[in-house]
Amino acid sequence: MSIAATQKRGFGAVLWDYLTTVDHKKIAHLYLFGGGFFFILGGLEAMIIRIQLVRPENDFVSAGLYNEILTMHGTTMIFLAAMPLLLGLMNAVMPLQIGARDVAFPFLNSLGFWLFLFGGLILNCSWLLGGAPDAGWTSYAPLSTTSPGHGVDFYVLGLQISGAGTLIGGINFLVTIINMRAPGMTYMRMPLFSWTTFITSVLILFAFPALTIGLFLLMFDRLFGSAFFNVALGGNTIIWEHLFWIFGHPEVYILILPAFGLFSDIFSTFAKKRLFGYTAMVFATILIAFLGFMVWAHHMFTVGLGPVANSIFAIATMAIAVPTGIKIFNWLATLWGGSITINSAMLWALGFIPTFTLGGMTGVMVASVVADYQYHDTYFVVAHFHYVIVGGTVFGILAGLHYWWPKMFGRILNEKLGKIAFWIFFTGFHLTFFIQHFLGLMGMPRRYWVFLKDQGLDTGNLISTIGAFLMAIGVIIFFYNVVYTAVKGEKVPDDPWDGRTLEWATSSPPAHYNFKQTPLVRGLDPLWVEKTEGKGKMTPAEPLGDIHMPNGSILPFIMSFGLFIAGFGFIYQVNYTWAYIPLFVGMGILLGCMLIRSLKDDHGYHITKEELEREAD
Amino acid sequence: MSHDHSLNPETMPHEPEKATLEGKNKFLGFWFFLGGETVLFACLFGTYLALRNSTAGGPTTNDLFGLELVFIMTILLLTSSLTSVYAMYHMKNNNFKKMQLWLGVTAVLGFAFLGCELYEFNHYIHEYEFTFRSSAFGSAFYTLVGFHGGHVTFGLLWLLALMIRNAKRGLNLYNAPKFYVFSLYWHFIDVVWVFIFTVVYLMGKVG
Amino acid sequence: MKGWMGRFRAFFLLGSLALVLSACGKDNLTALVPKGYGAESSMDLIIISTVVMLFVFAVVMLIYVAVLLRYRKKKGQEDFIPKQVEGNKTLETIWTVIPIILLIIIAVPTVTATFDLADNSGSKDGLNIQVTGNQYWWHFNYEGQEIQTSQDLYVPVGEKIYLSMKSSDVHHSFWVPSISGKMDVLPENENKMYIEAYEEGVYWGKCTELCGPSHSLMDFKVIVVSQEEFDQWVKDMKNVNPDNQPQDAVAQEGKSLFQQNNCMSCHAIGSSPTQIGPNLTNFGDRSKIAGILDPTKENLVKWIVDPESIKPGNKMTGNYPEVSEKEAGKIAEYLMQLKPSEVTPESAGN
Amino acid sequence: MAENTNSNEVNPYQKHKNKLEMQKQLITFALMILFTIIAFVIVATGMMQKMFVIPVLLILAVIQVAFQFYYFMHMKEKGHDMPSLMMYAGIMAALLIIAGLVVITWW
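Chains as they are written, first to last, in full-length UniProt numbering: chain A, 1 to 617; chain B, 1 to 207; chain C, 1 to 350; chain D, 1 to 107.
Note that these hints are calculated values from the structure, not bench results.
Quick caveat, the model's predicted, so the values are computed rather than measured.
Check before you lean on any hint, since a few could be wrong.
[Unchecked claim] In silico DMTMM-like pairs for lysine to aspartate or glutamate, Cα to Cα no more than 20 angstroms straight-line:
id, chain 1, residue 1, chain 2, residue 2
1, C, Lys302, C, Glu322
2, C, Lys339, C, Glu253
3, D, Lys15, B, Glu10
4, A, Lys531, C, Glu253
5, B, Lys24, A, Asp458
6, C, Lys26, A, Asp458
[Said to hold, decoys possible] Residues of chain A clear of chain D, computed beta-carbon distances all greater than 10 angstroms:
id, residue
7, Arg9
8, His242
9, Trp296
10, Lys419
11, Glu490
12, Glu530
13, Ile554
14, Met594
15, Arg597
Note that the Cβ used here is the ideal one computed from N, Cα and C, for glycine as well.
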């Protein structure tokens, strides 16, 4: 119903609808769109990096610009592409999976998205305003505190704003999962994707404050003359490294755990088997998250923390391999004895297993401190984290998109294009990154603008660049598929994959209240339980009645826009007094909106029983 | 309207802050936010502890801190914590007027605390020329204590907004969670202060 | 399509294998052919962890391939519902315990080696060298020897040499892959490590912590010579008299141009501790100019006239009056004649 | 907007319970003030050896904060499982962070 209705309305109405929406499904669309946009930007930056490194001593881009590009590639891909795309999938699916009508804080959900978007825009405005940040996505002080121009300021403000959005999103998901599960949906009946959303949100809750503080310190040093990282005044630059990685390592798990969750759901659906060792999978997730907080210093093995600290962090890091291994073997056991359908969603999931296992392998290898003295900050590490983040997160996002596309949009992505895109991307990926393990050990440090002639690095880099082009082609085919599907895509029934979990028990795309009657959950894989017992659909847990829904609001958009303006004020007050105007105006808009939100009661509205009955087909 | 009735029941439930789903969500969400704030302040404390001896030739903790003012500030904030407990006590007894009164006392104590803090900062800046920029220790000190002060300021603005907005209409199930969540925030500010006076001032005096 | 893909993948795998077997990278740069104690320790662990991990990978792939061969949905059995297995305690215990054992196999030598390489006691009668990282060059100060040099680090073969490292600006990282793993160079904390080279030769060193635009050009060399040669080099370096006049007229003119153009305020010749710019005592012996260019006069002239075009963001640009190519040629002539020692990168087997 | 007129309609039993609860809060407050005074006195008089002072101060602070959480913020009451879980998780992360920043920042 909704798609037909939106098509009839004018563009302005649709735009206004999306600007003010608090519906988690529409916010998911926004996240996917925003994340997709930044993914393309980050991808272009990646291509420039690979073109620059196609031959020794190349001069495709200048040294300074190259540093800006590599910084923006990392920052964009992590903060503005991978995380929003995952948050988009979580928003689209998690409330459906637990049988909720909406998230706990619809208003904050929308605020979280707009903060992310405006943060990302601030960061990318730097390209037009005198140069992007150039101190690496890690922005180690004092390189970041002494970097000339305003590039790093844009990094600080952009990440601060989008980070606040993510934190809000995390709290929202936590409360949603705890308070809004359907009757009978106990914790140990939640689909793995909902579980990993939960654990990921815990990680967001405890990891992002460290980034917030780190960014504040960096901001105070750069914009207000404090001395946290100014060695001459007694500052210490290691503090930044600690704060960054206290955030940064959990961040890695924030990126990978949701992918683990959705792979679990996909394997189980397409093997037609319940997830093998569900309990072990849940506890492995919790254990990974727990250990994830005490391993940050393995990014700092060469900093000189001393053998005791290095050994402790090495062992803690290796320990994470155990729960991760449990997961891999449980997935294989889920597939074992199943009846496996291979389509594009499943291809991405199947491609993930060998790729991620390689990434995990090298993960244990870099955890071995003395070996890491050689790997650290070389292309070996570049290869390692791309195997994990691309092989895990990006494959996961693509698998999830193929899997849930029919649920989100009522249309199925073209299978043939999907498979072609997978094979090209998969080949390109391994071509690009496998060789980089060896480049690193052969003496090529990461973040190198050029590599010199006669150092035996030419062939490897050439192969890597060729692979990168294949990856780009794969991505283009995927985006073509998206457009093709939107125009000509085949409409599908509500449950095209013979699904097992609650999201497949409602219409595709779901009505804005998700479930007309909240379903009663009678076991793990609730829909499957009903299917095997011959009913094929959920039993309602309540009689048909009025549904309470939240009102839409433009305030989140305006608040984020206020911060966006204030961001420029903060950056330029160093040079110009007039910059205090946008600073105060922006903060005024923010606080004013908060005040309005606080003073104006918002009771939401009700969809009456009669309306619901009329909508029934 | 139907919710006016449901938000103003005949008999107030025992825990008005958790009587509605929105209230429950707010309650839980805010606790989690405080969990995140714990980490946030831990980072500030960690930074401060790492930099507290980096005075770059400027005044040290022992030179700067006087215990009298800090003691007064501590008592002010601790007492304001108790007064907000009283306010919640009256909320549970559904006595709106007394709740407002105790919240008012809380606000007064909060402003008094803030005034002391401003006086203290002013004193350091003018008597000792000890500023945010003078050393890494200075930066860390003002950032940690200032973040706490910022939290107090925000809390006071929030409290005033709540009190003024609801002055005329009394307590109901829509605003009870808001008052309750504010009291949680206020207690948390006090928790942070307990560590600030211990770690920054008292330990700074010990050396 | 399937068959074509399969063949392509086989080709890809074979290709990468061939590449691995044929090349371990450039000698004296690659970490894969260790020629020093640290690099050897690292290599041992690399091998242990790779072997253990390849075993795990092989097991995973074996099951994976078996699954894909046996459990694809079969034609005519579209409605087949597999048995819904909840889990299996024995299996799950096995794949928890075995990885733990495998990890212990890696962890024990890791910890041992970590403590072994952490010796920073310094040497009583041997060599202690202070390393300073600068944007974008390295300075070496031989403690107690009154020898200052830059870019080329001369060390005797088979000797444990202790380095204490500090940065004058941003973070750098000291890495000589063939000899030892890396160690960060920080502005506030002094880091210590030791290196021991097994074979004479000239080894490439690189900066591995992003330090600005010319991060990728911050190369240096470690020149490993025999003990006798090293003693000779030390003697020669100590005998340098910075006031010595060069022999020929061009070089003499070069020297006065060097002094007139303010070069001396940053660059020292001799054992003066000035280190705003690289020490030039044995510049004529340097294996590279500015760390990356071949040591020819043309390259030096290019560098003096426009350093920005060679190392973007370097600190020399703009800190001296403009120099014409002709003047630069004279300065270059002077500098190239600063060859205090017979012991040079060439003699070490460049 | 309906004026709220039901200000006295609270179950008398509940009211009594609230009162008992409030008495406990007052005792808690008295103890907190006491601990604060002890902490200040220890430092002001310099009566204790330096080695012991800091642990004692920290213990006093932790007890105070526990009072604050369990009594003033009601964490001891039921319905606080998730808040306690997240608070403890946060405190664990906090301790790790502080330990990291204190122990391995200077060498």
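Which of the listed hints are not met by the structure? Those not satisfied are hints 4, 5, 8, 9.
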